[in-house]
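Position chains B and C relative to chain A; hints supplied.
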Amino acid sequence: MRLATYLLPRVLAALVTLLGVSVLVFLSLRLLPGGYADILLGPFVTPEARAVIAQRYGLDQPLVVQYLRWVWAMLGGDFGVSMVTQRPVIDELLRRAPVTLQLALIALVLALAVGYPLGVLSGVRAASRRKRRDFGRVIGAMGASVPDFVLGSVLIFVFSVWSLWFRVGGYVPLGVDPVGNLRTMLLPGLTLSVFGVALILRTTRDAVLRVMTEPHITAAVARGASPGAIIRRHILRNAAIPVVTVVATYFGFLLGGAVIVEVLFSVPGVGLYIFNGLLNRDYAIVQAGVLLAAMVFITINMLADVLYALIDPRVGVSR
Amino acid sequence: MSGLARIARRGRPRPNGLTIFGVVTLGCLLFLGVFGPWLPLGDPSRIAAGPRLDAPSAQFLFGTDELGRNFLPRVVQGIRSTFLLSAVAVAITAVIGTLLGMAAGYLGRHTDQIVARGADILFAFPALVAGLLVAAIMGPGQASAITVISIATLPLFIRVVRSVTLGVAGRGFVTAAEVAGASTLRVMLVHLLPNVMGAVIVQLTYALSIGMIIESGLSFLGLGVQPPNASLGSLLRQGSAYLTIAPWMVLSSGVVLSLAIMSVNLVGDAVRDALEPLKGRPLT
Amino acid sequence: MTAPLVDIADLVIGYDTGMRQVRALDGASLRIDEDETLAIVGESGSGKTTLGMAAGRLLPPEAKVIGGSIHVAGVDVTRADDEALRRLRHDKLGFVFQNPTTALDPTLRIGRQVALAMGGRPPPEAIAELLSRAELNESERILRAFPHELSGGMAQRVVIAMAIARRPHLLIADEPTASLDASIREKVMSTLGRLRAESGASLVILSHDLRMVARHADRVAVMYGGRIVELGSVTRVMQAPAHPYTRALLTAAAGNERPGERLCPIPGTPPILESRCEACAYADRCAFRETRCDTERPEARPFLGREVVCHRAEAVIGAPTQARQEDR
Chain A
-10 MRLATYLLPR VLAALVTLLG VSVLVFLSLR LLPGGYADIL LGPFVTPEAR AVIAQRYGLD
50 QPLVVQYLRW VWAMLGGDFG VSMVTQRPVI DELLRRAPVT LQLALIALVL ALAVGYPLGV
110 LSGVRAASRR KRRDFGRVIG AMGASVPDFV LGSVLIFVFS VWSLWFRVGG YVPLGVDPVG
170 NLRTMLLPGL TLSVFGVALI LRTTRDAVLR VMTEPHITAA VARGASPGAI IRRHILRNAA
230 IPVVTVVATY FGFLLGGAVI VEVLFSVPGV GLYIFNGLLN RDYAIVQAGV LLAAMVFITI
290 NMLADVLYAL IDPRVGVSR
Chain B
15 MSGLARIARR GRPRPNGLTI FGVVTLGCLL FLGVFGPWLP LGDPSRIAAG PRLDAPSAQF
75 LFGTDELGRN FLPRVVQGIR STFLLSAVAV AITAVIGTLL GMAAGYLGRH TDQIVARGAD
135 ILFAFPALVA GLLVAAIMGP GQASAITVIS IATLPLFIRV VRSVTLGVAG RGFVTAAEVA
195 GASTLRVMLV HLLPNVMGAV IVQLTYALSI GMIIESGLSF LGLGVQPPNA SLGSLLRQGS
255 AYLTIAPWMV LSSGVVLSLA IMSVNLVGDA VRDALEPLKG RPLT
Chain C
462 MTAPLVDIAD LVIGYDTGMR QVRALDGASL RIDEDETLAI VGESGSGKTT LGMAAGRLLP
522 PEAKVIGGSI HVAGVDVTRA DDEALRRLRH DKLGFVFQNP TTALDPTLRI GRQVALAMGG
582 RPPPEAIAEL LSRAELNESE RILRAFPHEL SGGMAQRVVI AMAIARRPHL LIADEPTASL
642 DASIREKVMS TLGRLRAESG ASLVILSHDL RMVARHADRV AVMYGGRIVE LGSVTRVMQA
702 PAHPYTRALL TAAAGNERPG ERLCPIPGTP PILESRCEAC AYADRCAFRE TRCDTERPEA
762 RPFLGREVVC HRAEAVIGAP TQARQEDR
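Residue numbers (this note's numbering), protein chains in the order written: chain A, -10 to 308; chain B, 15 to 298; chain C, 462 to 789.
Okay, chain A solo, but in the shape it has when bound:
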């Protein structure tokens, strides 16, 4: 009941957001040079095909009707056709989605595994010593400041000189050759995770410091609980609450397609596909890709709201 009253407005808001995103993307379709027929069939299209498309998509109809038809087509799974391959864009995107998902998961796991514990440690230390200059700040500032393409380029340079174990490019699917897959995916995953480490570390550090200003921590100290017990029982859980939101945002962006890293490391994921679509003026890919990225982002954030409600019992109580 509590969960329902909390989630229902959020689901509605997410649907409204989704609607807005689709309208924005739809309108941008119409703004494209060459018009919608080009998007579907490419610029070198015969007038006959143009007429067929115009009739099929009702380009002579009012915008509202066109929009509704467009949405209806998407609900039926029709996101347009790639000019280059003449195949439905959605098929191509879904085929590449697992690659991006794997990359996103590697980055997320690395970022959480490093960022969260370091954030907790850094926050607790900062509160105990009253020094603002500590390792958490240094790592946080550095990680948030080195763009992924700078770090990626440096890694590529380093590993092109000393090949070691990693490989740049030459992607093989996880199912075909797990070890070979990891050899190509770990470096881009690592590159993507650095910003996440900084983001999660900074958020966690702030959250820990904020929790440690709360009276219930003083109360636990007053009961003679040991620092370790206070961290385990009270701080970890309370500090996780704001981190959930940030992690969801980060994961959403990763899933939307880590364009630069995929381009840099030749990882055949969604981001690289959309980017190549842009280079080939295959706009149907760009449109569908952007729309799907935004949809995934909204969905992930919805799930984060659910998780949030599970961690924080106060959620959903009007105060």
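One or more hints might be untrue.
[To be verified] Negatives, chain A to chain C, calculated, CB over 12 Å: (1) LEU20; (2) GLN50; (3) TYR56; (4) ASP80; (5) LEU90; (6) PHE155; (7) GLY158; (8) VAL161; (9) GLY169; (10) THR207; (11) ILE224; (12) ASP294; (13) ILE300.
[Said to hold, decoys possible] Subject to a maximum C-alpha distance of 20 Å in a straight line, what follows is the list of computed EDC-like cross-link-like pairs (lysine to aspartate or glutamate): (14) C:LYS553 with C:GLU495; (15) C:LYS525 with C:GLU586; (16) C:LYS553 with C:ASP494; (17) C:LYS553 with C:ASP496; (18) B:LYS293 with A:ASP195; (19) C:LYS525 with C:ASP537; (20) B:LYS293 with C:GLU523; (21) B:LYS293 with C:ASP477; (22) C:LYS525 with C:ASP468; (23) C:LYS648 with C:GLU599; (24) C:LYS553 with C:ASP468; (25) B:LYS293 with A:GLU203.
Source of the hints: derived by calculation from the structure; they are not laboratory data.
Just so it is clear, the structure is predicted and the values come from calculations on it, not from any experiment.
Yeah, the Cβ is synthetic: ideal placement off N, Cα and C, and Gly gets one too.
Frame of chain A; chains B and C shown alone:
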């Protein structure tokens, strides 16, 4: 907590090593960016000033590029356009975002709903993926870069300003101004704006660092600043083609870009610490 | 003669504010015996919270002990190492805070928190028994609840139950009823008093409400300007205050007025000290002020069965009272 303890919490933060490093670095980079064209560093666009892809030397501190151009003045040029482009985009966005956020928080109801949903919609587009769409519509270039930075940072300003405004709007001095017959615009500009400025300034620094990442990222993909102009991102793009034989191009522009973003972040941290200090209690 | 449970001697504590240091305690001395209830009364800023928290070294790091000493159950609190201090808090001390809903972890169920306070995994009957001692019935429902689902009074009873869980020798309650509805304040105070009496612990109540705590305490210590200005049995102090501040507190308190009589708030504000006060800190607000009060720091002296820090105690106690003293 007694009154004395509350006073005690308002300490003056002392500058630490990281903050000093950030301020000094930012100062140096801004100096180079502003006065670069008049400094005796060499001509950034003179082709065959030296041998092609020449390693760093006393004459060419950052080496030369594939056309034999001196790379140091090109990096300085890059600093200039990266800072300028991001700053312009973030400044415009901050003004729009602050006004929208105040309107949403103060007027409430329908305005609030529309602005808040609008912010959600913009926020749902991952920055670089949205950048591909914008580049498809507007074509690659500076205007695209500015648009993408605005799309990515506008929600940040709206959300922060809105929540601060919500906290301030119910306070006595706002009600007093309303009762005294101040117009909505006057209440917002005279009474609310000073109270949201702190949050806006903090957000400004973070938005600037995000803006610089986006600008250089788009330029790296070839969608931002176009040749013959150079931004730090486009220099990296140029250098990455010669990564293995002339790594100094990527390394010099990459290090300078990272330092630039880091200095902005560090100054932002210092500003935030001064405005919203966070002090937890020790566990012993 | 046995050592007192708490022995605070000439304690001076300052808060670093970055620019200057503000003195919260300016030479406070106090002894607390076993098995007694002491009320420490003063306005906010008088130093009572600092004094209470200092007994468990729970002050924020900005607080610096400048002089004096605190001994609690034989432990030198200002010099003990972290582990000795943790043992002292764990075995001998119990704290009750002003706002019970923030003193409980918002993410843990009450049952888990009470169990933690009892030291691990007590049997369910033990938990229920503890709660019923704190006059909480329906223990199953309460144990399953989260803090925000309880009323203020219930939450404070939970906090009290947690404070007495390990049978402390000293209970320190900082404004335990200030955040509660007026209707239940008296009941919560009675519970606290009864639990103290049953366990034979000592109870220190920090409060701004002299009249309310007087009904539950054996002795009262009145604080002003970081010092204890009057200390004695409740009966003596309430019937004939010897410090002008105590007198003003009694006059200012609501519930003490005759019909048609005006309440007199104490004029002025408490001082903010930056160094040792070399005069009487109360002089500026005092109706009995004379030249000596501005030049000479009054020291604690025995006076008619109590201790008082006032040059003019004789005049104060002899002055006609404006308000009727409540019969106790």
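Here's how the hints hold up against the structure:
1. LEU20: 48 Å, holds
2. GLN50: 54 Å, holds
3. TYR56: 45 Å, holds
4. ASP80: 45 Å, holds
5. LEU90: Given a closest Cβ separation of 31 Å, the condition holds.
6. PHE155: Answer for PHE155 (chain A): holds, closest chain C Cβ roughly 41 Å.
7. GLY158: 46 Å, holds
8. VAL161: 44 Å, holds
9. GLY169: With a cut-off of 12 Å, GLY169 (chain A) remains clear of chain C, as the shortest Cβ separation is near 44 Å.
10. THR207: Its Cβ does come within 12 Å of chain C, the nearest being 6 Å, so this is violated.
11. ILE224: Nearest chain C Cβ is 10 Å from ILE224 (chain A), so the label is violated.
12. ASP294: 17 Å, holds
13. ILE300: 7 Å, violated
14. C:LYS553 with C:GLU495: Given that 20 Å is the threshold and the Cα spacing comes to 12 Å, the pair holds.
15. C:LYS525 with C:GLU586: With a Cα-Cα distance of about 44 Å, the restraint between LYS525 (chain C) and GLU586 (chain C) is violated, given a limit of 20 Å.
16. C:LYS553 with C:ASP494: Distance of about 14 Å is within 20 Å: holds.
17. C:LYS553 with C:ASP496: 13 Å, holds
18. B:LYS293 with A:ASP195: 10 Å, holds
19. C:LYS525 with C:ASP537: Holds, at about 16 Å.
20. B:LYS293 with C:GLU523: It holds: about 10 Å lies between the C-alpha atoms, which stays within 20 Å.
21. B:LYS293 with C:ASP477: Cα-Cα ~14 Å, so holds.
22. C:LYS525 with C:ASP468: 19 Å, holds
23. C:LYS648 with C:GLU599: Distance of about 18 Å is within 20 Å: holds.
24. C:LYS553 with C:ASP468: 15 Å, holds
25. B:LYS293 with A:GLU203: 10 Å, holds
The structure shown violates the earlier hints numbered 10, 11, 13 and 15.
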